[in-house]
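**Student:** Modelling step: build the complete structure from the supplied sequences, incorporating the hints.
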Amino acid sequence: MTRVTRRKILKGAAAAAAGVALPVRAYAAGEAVKVGILTPLTGAGGADGPRMLKAMQAVFDEVNKAGGVDGRMFQTVVEDDQTNPEAAVRAARKLIEVDKVPIIMGTWASSVTTAVLPVCWESKTFMMTVSGADSISLLPHQGYLVRTQPTSKLQSIAHASYIASTGKMKIGVIGIQAPFAQSTKEHLDATIKAAGGSVVSHVIYEKDKSTYRSEIDQVMKANPDNLYLNGYAPDTVVVLRDLYKAGIELPKFCQSYAVPQSTLDANPPEVSEGVVTGSPSADVDSTAYKLAADRLGMREIDAYVAQATDWASLAVLTFAKSKEATGSAFKDNVRKVSQGDGVKVYSAIEGLKAISEGKEINYEGASGPCDFNEIGDIAKCRFRFTQVRNGKLEFLKIV
Amino acid sequence: MEHYLIAMGVTAGIYAIMALGMNVIWGMAGLINLGLVGFFAVGAYTSALLTVKLGWPLAAGIVSGTALAALVGIGVSLITVRMRGDYLAIVTLGFAETLRVVMSNELWIANGTDGLSGIPGPLRGTLDPHAFNLLFLGIVWTVVAVLFVFLQRLSFSPFGRVLRGIRDDEGVVEVAGKNVVLFKAKAFAVGSGALGLAGALYGHFTSYIAPDLFAPLLTLYIKLSLLTGGLGNNVGAIVGAVLIVFFLEATRFIVPLVPAVSSVQAASLREILIAATLLLILRWRAKGLIPERIANISLPPPTAEARTQPI
Numbered sequence: 027m028t029r030v031t032r033r034k035i036l037k038g039a040a041a042a043a044a045g046v047a048l049p050v051r052a053y054a055a056g057e058a059v060k061v062g063i064l065t066p067l068t069g070a071g072g073a074d075g076p077r078m079l080k081a082m083q084a085v086f087d088e089v090n091k092a093g094g095v096d097g098r099m100f101q102t103v104v105e106d107d108q109t110n111p112e113a114a115v116r117a118a119r120k121l122i123e124v125d126k127v128p129i130i131m132g133t134w135a136s137s138v139t140t141a142v143l144p145v146c147w148e149s150k151t152f153m154m155t156v157s158g159a160d161s162i163s164l165l166p167h168q169g170y171l172v173r174t175q176p177t178s179k180l181q182s183i184a185h186a187s188y189i190a191s192t193g194k195m196k197i198g199v200i201g202i203q204a205p206f207a208q209s210t211k212e213h214l215d216a217t218i219k220a221a222g223g224s225v226v227s228h229v230i231y232e233k234d235k236s237t238y239r240s241e242i243d244q245v246m247k248a249n250p251d252n253l254y255l256n257g258y259a260p261d262t263v264v265v266l267r268d269l270y271k272a273g274i275e276l277p278k279f280c281q282s283y284a285v286p287q288s289t290l291d292a293n294p295p296e297v298s299e300g301v302v303t304g305s306p307s308a309d310v311d312s313t314a315y316k317l318a319a320d321r322l323g324m325r326e327i328d329a330y331v332a333q334a335t336d337w338a339s340l341a342v343l344t345f346a347k348s349k350e351a352t353g354s355a356f357k358d359n360v361r362k363v364s365q366g367d368g369v370k371v372y373s374a375i376e377g378l379k380a381i382s383e384g385k386e387i388n389y390e391g392a393s394g395p396c397d398f399n400e401i402g403d404i405a406k407c408r409f410r411f412t413q414v415r416n417g418k419l420e421f422l423k424i425v
Numbered sequence: 354m355e356h357y358l359i360a361m362g363v364t365a366g367i368y369a370i371m372a373l374g375m376n377v378i379w380g381m382a383g384l385i386n387l388g389l390v391g392f393f394a395v396g397a398y399t400s401a402l403l404t405v406k407l408g409w410p411l412a413a414g415i416v417s418g419t420a421l422a423a424l425v426g427i428g429v430s431l432i433t434v435r436m437r438g439d440y441l442a443i444v445t446l447g448f449a450e451t452l453r454v455v456m457s458n459e460l461w462i463a464n465g466t467d468g469l470s471g472i473p474g475p476l477r478g479t480l481d482p483h484a485f486n487l488l489f490l491g492i493v494w495t496v497v498a499v500l501f502v503f504l505q506r507l508s509f510s511p512f513g514r515v516l517r518g519i520r521d522d523e524g525v526v527e528v529a530g531k532n533v534v535l536f537k538a539k540a541f542a543v544g545s546g547a548l549g550l551a552g553a554l555y556g557h558f559t560s561y562i563a564p565d566l567f568a569p570l571l572t573l574y575i576k577l578s579l580l581t582g583g584l585g586n587n588v589g590a591i592v593g594a595v596l597i598v599f600f601l602e603a604t605r606f607i608v609p610l611v612p613a614v615s616s617v618q619a620a621s622l623r624e625i626l627i628a629a630t631l632l633l634i635l636r637w638r639a640k641g642l643i644p645e646r647i648a649n650i651s652l653p654p655p656t657a658e659a660r661t662q663p664i
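Those protein sequence lines, which keep their order, are chains A and B. Going by the working numbering, the letters in the first sequence line up with residues 27 to 425, in that order. Going by the working numbering, the letters in the second sequence line up with residues 354 to 664, in that order.
All clues given are correct.
Here are some of the chain A residues that sit facing chain B, going by a computed Cβ distance under 8 Å:
(1) T68
(2) P76
(3) N110
(4) P144
(5) E148
(6) A159
No wet-lab data here; the hints were simulated from the structure. These figures come from a predicted structure and were not determined experimentally. Built from N, CA and C at the ideal position, the CB exists for glycine as well.
**Tutor:** Given below as structure tokens:
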């Protein structure tokens, strides 16, 4: 039987006090602008969240290093959304009501975003997300949302046009059960039909399976001449491996977020050889993509990393424009820096310089022009295509 | 800060309702049910669909959700009547996962993985968000109180004794002339009803439900609540649920204080802490913080005669 002695209590209290006293943070001149980062660090999104987090922090670090905005630094408060709506809502409440963040960025799963969004708009907190479900921007969010992920319609049309340009007309679609699954298939079909082809088979699979062999057999029954793999990174690793094992050598197309370097490293190089990926992109002459890649020390970045870069940059520039760290200020001013006739800027630093010179700016991001319509969706964008060669992504073209 | 505490109070109350329901099935009747979140989903979806799509009043939706969850509970208990222990655990886990997969894929029922949003809440819109949370806090904890009194009465009634009998030795209860299957079905009905009620309340509180919500994570949190508080004990169920929510939230504030840990590592550290807590409790406090007290049991000391006789 352990006895609780006075000595033990004293020891415990001393340890607890030491723990609380340790992280005394020093603040630079002016109160720091708090930014809530709510992203999946564990759970199904755990493969993507850490990458996005790194990209966001890299931008804030760069801005802080350059002196912040009028001496005010950006301080990130990170919470794990656990890819679970229940846990995410608890985390969001903590960010909003304890840390008092005016802005939350980084949610990934559509269910998490849909659960967190009402909490945000009720407490006038601005939100930026990568979630693609069409239903999200239709919620009554009163403008407290922008998302950098183009709708599945915009994406599928671009992807189908690319596939049509390769002369392959019989698409076999195999993808994960997610909010975008159905609409992606429909828009792929509509676009490829206009070019004289069609989606010949469509199979939806569940996440977290160790093999997708039966789904692959099912999709192959209709004899497609190319495959559209509409999954996330963890399952795409398995699908690519199973396709290779089955000896299927059809052209394969994926979302770029499904093929980050980790997907390529998970299999021998020949398994992923030739896979084409597509991601939203800015103009051909935009340097934002290159700047973002250089900041992270990478050659090619995927769509999620690019979008995370853009959230952080937009938050910095919007704050610089309004000088006010409230959710309503972010809501009212984000479009003043993201679009319009101002001078085009490709990074937060460049934008800050232009703002300090009194210029109007238009941020052109790594993930696209970042022009938002009235419900917070991407209005239009170009697409960037890359192809896997020898285990590395090589740039193909921007359309 | 107080708004945050109020919202967490609501979460703790909903966890407490679930822990109380789970306690009837697992704590009292000894039936290991890992499908908890499935019954939670039945209640949440029923009430949400009835109020959103058919415009039923909230109370009717919540009562229907509770009732349907209880009915599904009876169904599951009858299907699994021949199973005990691990096998029952696997089948109930399968039930919850099947339900989640069906709700993800059958888009016509409740929008599949998009989920159902805009679920009405009592006076939502009329009250400001903080007053709404406060009102809901009152509602949830009133439900906890009523449910607690009801289950406490049930626990010390002949019905409760039979359930504990089934838990400790099913054969003996059968020999005593009790219909074990019927009692198990009743235990499942009461327990799942409470789980469904928690689900219905949760949907009306957050205004949104989706299949992702009904992942096994929540089942584990409730199981942990019950183990922490004390299995078989209604007070323990409530105390455990409050402690777990407190613990889950407290780790948010404590883990960032650990030096030289990145955010990604901190997230994993939180999960490790939760797992470690479960292990520590199972090792040092297997009966929970408030162990079940079995009243009115006084075994007579063995007589000298009994000791000498071979058993």
